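Participant: Here is what each chain is made of, one letter per residue.
2 protein chains.
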Amino acid sequence: MEEPDFGSMEITVVGLGLIGGSFAMALNKLKPKRIWAVDVNSSVLEQVEKTGVISKGFTEASIPLQSSDIVVICIYPELAVQFVKDNLAYFKNGALITDTAGLKEQVVQEISSVLREDLSFVGGHPLAGKESSGFAYASEEIFRGANYLITPIDGTKNESLRLVERLILGLGCRQPIRMEPHKHDEIIALTSQLPHVIAAALMNSSGSEDTGSFVGGSFRDATRVARMNAELWSELLLENKDNILEQIDVFTENVRLIRTAIAEKDQNSLKEMLENAGRGREKF
Amino acid sequence: MEEPDFGSMEITVVGLGLIGGSFAMALNKLKPKRIWAVDVNSSVLEQVEKTGVISKGFTEASIPLQSSDIVVICIYPELAVQFVKDNLAYFKNGALITDTAGLKEQVVQEISSVLREDLSFVGGHPLAGKESSGFAYASEEIFRGANYLITPIDGTKNESLRLVERLILGLGCRQPIRMEPHKHDEIIALTSQLPHVIAAALMNSSGSEDTGSFVGGSFRDATRVARMNAELWSELLLENKDNILEQIDVFTENVRLIRTAIAEKDQNSLKEMLENAGRGREKF
Chain A
1 MEEPDFGSME ITVVGLGLIG GSFAMALNKL KPKRIWAVDV NSSVLEQVEK TGVISKGFTE
61 ASIPLQSSDI VVICIYPELA VQFVKDNLAY FKNGALITDT AGLKEQVVQE ISSVLREDLS
121 FVGGHPLAGK ESSGFAYASE EIFRGANYLI TPIDGTKNES LRLVERLILG LGCRQPIRME
181 PHKHDEIIAL TSQLPHVIAA ALMNSSGSED TGSFVGGSFR DATRVARMNA ELWSELLLEN
241 KDNILEQIDV FTENVRLIRT AIAEKDQNSL KEMLENAGRG REKF
Chain B
1 MEEPDFGSME ITVVGLGLIG GSFAMALNKL KPKRIWAVDV NSSVLEQVEK TGVISKGFTE
61 ASIPLQSSDI VVICIYPELA VQFVKDNLAY FKNGALITDT AGLKEQVVQE ISSVLREDLS
121 FVGGHPLAGK ESSGFAYASE EIFRGANYLI TPIDGTKNES LRLVERLILG LGCRQPIRME
181 PHKHDEIIAL TSQLPHVIAA ALMNSSGSED TGSFVGGSFR DATRVARMNA ELWSELLLEN
241 KDNILEQIDV FTENVRLIRT AIAEKDQNSL KEMLENAGRG REKF
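First to last, the sequence lines map onto chains A and B.
Numbered as in UniProt numbering, the first sequence ends at 284 without a single skipped number.
Numbered as in UniProt numbering, the second sequence ends at 284 without a single skipped number.
No lab work stands behind these hints, which were simulated from the structure alone.
Please note that the accuracy of each hint is not assured.
Which copy is meant is left open, because identical chains are indistinguishable; a pair holds if it fits in one copy or across any two.
Cross-link-like lysine to aspartate or glutamate pairs, in silico, DMTMM-like; alpha carbons within 20 angstroms at most [to be verified]: (1) K33 x D266; (2) K265 x D249; (3) K130 x E140; (4) K183 x D154; (5) K31 x E131; (6) K265 x D242; (7) K31 x E140; (8) K130 x E117.
Please read these numbers as outputs of a predicted model, since none were measured by experiment.
Just chain A, with the same shape it has in the complex:
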């Protein structure tokens, strides 16, 4: 396949939060013809226009969509689906649409089911983020070396898939990993959602005591993501209910096994469980 000619393309980023803002910044590396942005907040658009990261911002999506070869949707999962439905008539003929939502099965299924024949959609999920949200914290650095999952389905055009992959590599991410949407949601429940649940539960366990002065690196690291965007994360957890409940149960059972070994002063079992964890962690 030839290299895509990003220099002749117009790209629209929908949503200039942390991920969308970072995306817009990193897209500049590809030197596309234009980078447009859509956001509901006109003052954010003005501010970002001034930085030169985007050519122009719009609160009305229909304008930039009509000339955009690629559209990157960086808003909450439910809103992403709604955005495609609401603006279906405006997408440029043959445009490629991708998103960055942390859950894929429902988003991919709903968008695919309404998509015009000439359009392509490839779901994506950058494993990149920060504890703070909003454009003020955006940085192209969040993509550097980051894992990026994409979720093609039967019928996804090979050409669209390759274009998304080149785009992602161009941001500075690693070679994206392809997986089925339902598999994505299963895995992410373990590798991303469960650690967020744990961080919140651990933080909530510390009560009102001033533990700040007594914490070492272990508590600090384990609770880093407790500063999550509660609005977004409560939505993500509820939409992936079955998978996250299963992971919570597996985790709780593993905590229980360690608890039992401690309660029974069973040093051999305890040591074995700790060693097993250490061996697993060494692999990455």
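Put chain B on the given structure of chain A with help from the hints.
Facilitator: Below, chain B alone, put in the same frame as chain A:
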């Protein structure tokens, strides 16, 4: 109180593992007259002597103890107690002894109960460490800005307490925090032991799947300390059994509350718990 004249003092470090080795390195900043080391492993002693970090190493503690004004014991809690008992006759008259064990109540009580009248013991616990153990990973940097807990008891001489505090500040740590030994063990169950239990349980939950490519920062951070020294940590957890069991139960209950909100699709409660965690985390 006058500044202690470290330049006239001899200091012995017992145990040249990660903490003892780092201690010996950082002690050089105080420019003491001599830094001795005691270890059971003569090849480690030879190796460290060559680096110039210590003046000389001994497998036989009686020799350096006789002239040491300060003795820093950096070995496992039970061994630390045994070391003091076994070498009680050799300590220099009026010497100050401190340790770095991650648990304090039992160590402080046992050492204090056998201590000679002329000697002082002040329990200490640097909240500093790494996932790897041994002198090869030692670095004075682990103390930079680290929290350091000390556990004086009734009868601890003010002069000894001040000397330990100056020593700790000299390593590059923050102003040490004084607390009762039993309080230390309670707090450390939450701020250090529980995160280690969680990291191990989370790692053990990931099963045999190759999750390495799918993890984002949240999983990586939450499992960092899973690469703990299993021998040491199984001992620490068992010796602090009642406190860690209580903390595990509080944590498990907080996980259960989040689980219930997800299972019942109760977005308000879920969001509230996540927000509460975020507010707590912002404080440090």
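Participant: Hint by hint, which ones does this structure get wrong, listed from lowest number up?
Facilitator: 1, 5 and 8
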